[in-house]
Amino acid sequence: MVLAAVVANPHPALAAAGVRADRIKDVPDVAGQWYRDIVEWANTTPGIVQGFMAHFTDLGIVLLAVTWLLVFRHARRGPSRLMAMTLVSGFAVVLAYGISEWAKTYLDAERPCRTFSGLPIIAQTCPPPGDWSFPSNHSTIAFGLVVAIFLASWRVGLLVLPLAVLAGFSRIFVGVHYPHDVLAGLLIGAAVTLIVAALLARPATGLVDSLREKPGLGRLLAAQGAAPAVTRPAGRRGR
1 MVLAAVVANP
11 HPALAAAGVR
21 ADRIKDVPDV
31 AGQWYRDIVE
41 WANTTPGIVQ
51 GFMAHFTDLG
61 IVLLAVTWLL
71 VFRHARRGPS
81 RLMAMTLVSG
91 FAVVLAYGIS
101 EWAKTYLDAE
111 RPCRTFSGLP
121 IIAQTCPPPG
131 DWSFPSNHST
141 IAFGLVVAIF
151 LASWRVGLLV
161 LPLAVLAGFS
171 RIFVGVHYPH
181 DVLAGLLIGA
191 AVTLIVAALL
201 ARPATGLVDS
211 LREKPGLGRL
221 LAAQGAAPAV
231 TRPAGRRGR
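All residue numbers for the sequence shown refer to the working numbering, where the first residue is 1 and numbers rise by one.
Some clues are possibly wrong.
Here are the in silico distance ranges between beta carbons for each label pair [what the hints assert, rightly or not]:
1. GLN33 to ARG202: 17 to 25 Å
2. ASP58 to ALA201: 28 to 36 Å
3. LEU95 to SER210: 21 to 29 Å
These aren't lab readings, by the way, just hints derived from the structure by calculation.
Quick reminder that beta carbons are idealized off the backbone N, C-alpha and C, glycines included.
Construct the complete structure from the given sequences, taking the supplied hints into account.
Here you go:
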(Lines of atoms letter the chains of each structure in order from A and count residues from 1; the text may use other names and numbers.)
(Lines give C-alpha, C1' and ligand atoms only; values in the text may rest on other atoms or scores of the structure.)
Protein backbone atom coordinates (compact mmCIF):
# COMPACT_ATOMS: atom_id res chain seq x y z
CA MET A 1 0.00 0.00 0.00
CA VAL A 2 0.92 3.68 -0.24
CA LEU A 3 1.73 3.92 3.48
CA ALA A 4 4.07 0.93 3.23
CA ALA A 5 5.90 2.58 0.34
CA VAL A 6 6.24 5.83 2.29
CA VAL A 7 7.60 4.00 5.33
CA ALA A 8 10.07 2.07 3.20
CA ASN A 9 11.24 5.23 1.41
CA PRO A 10 10.82 8.18 3.78
CA HIS A 11 11.05 11.66 2.33
CA PRO A 12 14.60 13.11 2.54
CA ALA A 13 13.36 16.12 4.49
CA LEU A 14 11.84 13.85 7.13
CA ALA A 15 14.82 11.54 7.23
CA ALA A 16 17.18 14.50 7.68
CA ALA A 17 15.14 15.61 10.69
CA GLY A 18 15.30 12.14 12.20
CA VAL A 19 11.55 11.67 11.77
CA ARG A 20 9.97 8.48 10.45
CA ALA A 21 7.27 9.13 7.88
CA ASP A 22 4.96 6.58 9.48
CA ARG A 23 4.94 8.60 12.71
CA ILE A 24 3.22 11.55 11.03
CA LYS A 25 -0.42 10.61 11.26
CA ASP A 26 -2.67 11.75 8.39
CA VAL A 27 -0.14 14.32 7.13
CA PRO A 28 0.90 14.34 3.43
CA ASP A 29 4.64 13.90 3.03
CA VAL A 30 4.86 17.11 1.00
CA ALA A 31 3.35 19.05 3.93
CA GLY A 32 6.22 17.92 6.13
CA GLN A 33 8.70 19.03 3.50
CA TRP A 34 7.11 22.47 3.10
CA TYR A 35 6.90 22.93 6.85
CA ARG A 36 10.56 22.06 7.28
CA ASP A 37 11.63 24.32 4.39
CA ILE A 38 9.71 27.31 5.77
CA VAL A 39 10.89 26.83 9.35
CA GLU A 40 14.51 26.40 8.29
CA TRP A 41 14.24 29.57 6.19
CA ALA A 42 12.58 31.41 9.10
CA ASN A 43 15.57 30.55 11.30
CA THR A 44 17.87 32.33 8.80
CA THR A 45 15.90 35.61 8.76
CA PRO A 46 17.04 38.66 10.78
CA GLY A 47 16.06 38.80 14.44
CA ILE A 48 13.79 41.79 13.85
CA VAL A 49 11.80 39.77 11.30
CA GLN A 50 11.53 36.82 13.66
CA GLY A 51 10.40 39.05 16.51
CA PHE A 52 7.81 40.76 14.32
CA MET A 53 6.35 37.48 13.09
CA ALA A 54 6.31 35.99 16.59
CA HIS A 55 4.18 38.92 17.79
CA PHE A 56 2.14 39.32 14.61
CA THR A 57 0.76 35.80 14.86
CA ASP A 58 -1.63 37.16 17.53
CA LEU A 59 -1.44 40.88 16.71
CA GLY A 60 -2.82 40.23 13.22
CA ILE A 61 -6.04 38.83 14.73
CA VAL A 62 -6.33 41.84 17.04
CA LEU A 63 -5.93 44.27 14.13
CA LEU A 64 -8.58 42.46 12.10
CA ALA A 65 -10.98 42.43 15.06
CA VAL A 66 -10.45 46.17 15.61
CA THR A 67 -11.12 46.76 11.91
CA TRP A 68 -14.39 44.82 12.18
CA LEU A 69 -15.39 46.99 15.15
CA LEU A 70 -14.69 50.11 13.08
CA VAL A 71 -16.81 48.67 10.27
CA PHE A 72 -19.58 48.00 12.82
CA ARG A 73 -19.33 51.62 13.98
CA HIS A 74 -19.67 52.80 10.40
CA ALA A 75 -22.63 50.46 9.82
CA ARG A 76 -24.56 52.23 12.58
CA ARG A 77 -24.95 55.16 10.19
CA GLY A 78 -25.93 52.96 7.28
CA PRO A 79 -29.14 51.19 6.28
CA SER A 80 -30.48 48.26 8.27
CA ARG A 81 -29.21 45.72 5.74
CA LEU A 82 -25.62 46.89 6.22
CA MET A 83 -25.93 46.63 10.00
CA ALA A 84 -27.59 43.22 9.71
CA MET A 85 -24.82 41.94 7.42
CA THR A 86 -22.16 43.21 9.82
CA LEU A 87 -23.80 41.56 12.83
CA VAL A 88 -24.53 38.26 11.09
CA SER A 89 -21.02 37.96 9.65
CA GLY A 90 -19.54 38.70 13.08
CA PHE A 91 -21.65 35.90 14.56
CA ALA A 92 -20.51 33.64 11.70
CA VAL A 93 -16.86 34.18 12.63
CA VAL A 94 -17.59 32.94 16.16
CA LEU A 95 -19.43 29.94 14.69
CA ALA A 96 -16.51 29.20 12.35
CA TYR A 97 -14.14 29.25 15.31
CA GLY A 98 -16.39 26.79 17.13
CA ILE A 99 -16.38 24.43 14.13
CA SER A 100 -12.59 24.71 13.84
CA GLU A 101 -12.12 23.96 17.54
CA TRP A 102 -14.48 20.97 17.33
CA ALA A 103 -12.54 19.64 14.31
CA LYS A 104 -9.25 19.96 16.22
CA THR A 105 -10.50 17.93 19.17
CA TYR A 106 -12.13 15.35 16.89
CA LEU A 107 -9.18 14.80 14.50
CA ASP A 108 -6.37 14.91 17.11
CA ALA A 109 -3.67 15.92 14.61
CA GLU A 110 -0.26 16.29 16.25
CA ARG A 111 1.60 19.60 16.07
CA PRO A 112 4.55 19.63 13.64
CA CYS A 113 6.79 21.15 16.31
CA ARG A 114 6.41 17.93 18.31
CA THR A 115 6.85 15.69 15.28
CA PHE A 116 9.97 17.59 14.17
CA SER A 117 11.15 17.92 17.75
CA GLY A 118 14.79 18.47 16.75
CA LEU A 119 14.00 21.47 14.55
CA PRO A 120 14.30 24.89 16.30
CA ILE A 121 11.22 27.08 15.91
CA ILE A 122 10.67 30.83 16.24
CA ALA A 123 7.87 30.23 18.76
CA GLN A 124 10.53 28.61 21.03
CA THR A 125 7.90 26.50 22.80
CA CYS A 126 5.41 24.16 21.17
CA PRO A 127 1.76 24.34 22.31
CA PRO A 128 1.06 21.76 25.03
CA PRO A 129 -0.10 18.22 24.23
CA GLY A 130 -3.81 18.15 23.53
CA ASP A 131 -3.67 21.50 21.73
CA TRP A 132 -3.99 19.91 18.30
CA SER A 133 -2.79 21.19 14.95
CA PHE A 134 -5.49 20.71 12.28
CA PRO A 135 -7.09 23.08 11.41
CA SER A 136 -5.54 26.40 12.44
CA ASN A 137 -7.89 28.41 14.67
CA HIS A 138 -5.89 31.58 14.01
CA SER A 139 -6.39 31.21 10.26
CA THR A 140 -10.08 30.41 10.71
CA ILE A 141 -10.66 33.60 12.70
CA ALA A 142 -8.43 35.74 10.45
CA PHE A 143 -10.11 34.78 7.18
CA GLY A 144 -13.57 34.75 8.74
CA LEU A 145 -13.00 38.35 9.85
CA VAL A 146 -11.72 39.34 6.41
CA VAL A 147 -14.85 37.96 4.75
CA ALA A 148 -17.02 39.68 7.38
CA ILE A 149 -15.26 42.97 6.61
CA PHE A 150 -15.58 42.39 2.86
CA LEU A 151 -19.34 41.90 3.19
CA ALA A 152 -19.63 45.30 4.86
CA SER A 153 -17.03 47.15 2.77
CA TRP A 154 -15.06 45.55 -0.05
CA ARG A 155 -12.59 48.44 -0.04
CA VAL A 156 -11.69 47.92 3.60
CA GLY A 157 -11.70 44.17 3.01
CA LEU A 158 -9.06 44.50 0.29
CA LEU A 159 -7.04 46.75 2.58
CA VAL A 160 -6.87 44.20 5.42
CA LEU A 161 -6.62 41.04 3.31
CA PRO A 162 -2.79 41.07 3.52
CA LEU A 163 -3.10 41.08 7.33
CA ALA A 164 -5.03 37.80 7.23
CA VAL A 165 -2.61 36.22 4.77
CA LEU A 166 0.37 37.25 6.89
CA ALA A 167 -1.32 36.09 10.10
CA GLY A 168 -1.97 32.67 8.55
CA PHE A 169 1.55 32.36 7.14
CA SER A 170 3.03 33.41 10.48
CA ARG A 171 1.62 30.23 12.06
CA ILE A 172 3.88 28.18 9.78
CA PHE A 173 6.77 30.66 10.07
CA VAL A 174 6.90 30.39 13.86
CA GLY A 175 6.68 26.60 13.61
CA VAL A 176 3.34 25.66 15.18
CA HIS A 177 1.29 24.64 12.11
CA TYR A 178 1.61 22.75 8.85
CA PRO A 179 0.66 24.61 5.63
CA HIS A 180 -2.47 22.49 5.20
CA ASP A 181 -3.60 23.46 8.73
CA VAL A 182 -3.61 27.10 7.62
CA LEU A 183 -5.34 26.32 4.31
CA ALA A 184 -8.08 24.39 6.12
CA GLY A 185 -8.58 27.28 8.54
CA LEU A 186 -8.85 29.69 5.61
CA LEU A 187 -11.55 27.58 3.97
CA ILE A 188 -13.54 27.07 7.16
CA GLY A 189 -13.46 30.75 8.14
CA ALA A 190 -14.36 32.04 4.69
CA ALA A 191 -16.97 29.40 3.83
CA VAL A 192 -18.86 29.50 7.13
CA THR A 193 -18.97 33.30 7.13
CA LEU A 194 -20.26 33.45 3.55
CA ILE A 195 -22.88 30.73 4.04
CA VAL A 196 -24.23 32.09 7.32
CA ALA A 197 -24.36 35.64 5.94
CA ALA A 198 -26.23 34.46 2.84
CA LEU A 199 -28.77 32.52 4.93
CA LEU A 200 -29.40 35.06 7.69
CA ALA A 201 -28.88 38.49 6.11
CA ARG A 202 -32.51 38.92 5.01
CA PRO A 203 -34.26 37.91 8.26
CA ALA A 204 -31.61 39.80 10.25
CA THR A 205 -32.40 42.96 8.30
CA GLY A 206 -36.02 42.86 9.44
CA LEU A 207 -34.89 42.23 13.02
CA VAL A 208 -32.51 45.19 12.92
CA ASP A 209 -35.33 47.36 11.55
CA SER A 210 -37.51 46.57 14.54
CA LEU A 211 -34.69 46.79 17.10
CA ARG A 212 -33.62 50.20 15.84
CA GLU A 213 -36.99 51.49 16.99
CA LYS A 214 -36.30 50.39 20.57
CA PRO A 215 -34.92 53.06 22.95
CA GLY A 216 -31.98 50.97 24.24
CA LEU A 217 -30.85 48.77 21.38
CA GLY A 218 -31.76 51.45 18.90
CA ARG A 219 -28.88 53.63 20.10
CA LEU A 220 -26.48 50.70 19.80
CA LEU A 221 -27.55 49.67 16.31
CA ALA A 222 -28.13 53.10 14.80
CA ALA A 223 -26.26 56.37 15.19
CA GLN A 224 -28.08 59.67 15.08
CA GLY A 225 -28.94 60.47 11.49
CA ALA A 226 -28.62 56.84 10.34
CA ALA A 227 -30.04 56.02 6.93
CA PRO A 228 -33.60 54.69 7.16
CA ALA A 229 -34.47 51.22 5.99
CA VAL A 230 -35.29 50.98 2.30
CA THR A 231 -38.71 49.49 1.72
CA ARG A 232 -39.89 48.43 -1.71
CA PRO A 233 -43.43 49.21 -2.79
CA ALA A 234 -45.63 46.18 -3.14
CA GLY A 235 -46.11 45.13 -6.74
CA ARG A 236 -49.53 45.05 -8.38
CA ARG A 237 -51.25 41.76 -8.60
CA GLY A 238 -51.94 40.45 -12.06
CA ARG A 239 -55.52 40.57 -13.26
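Quick check: which numbered hints come out false for this structure? Per hint list: single violation, 1.
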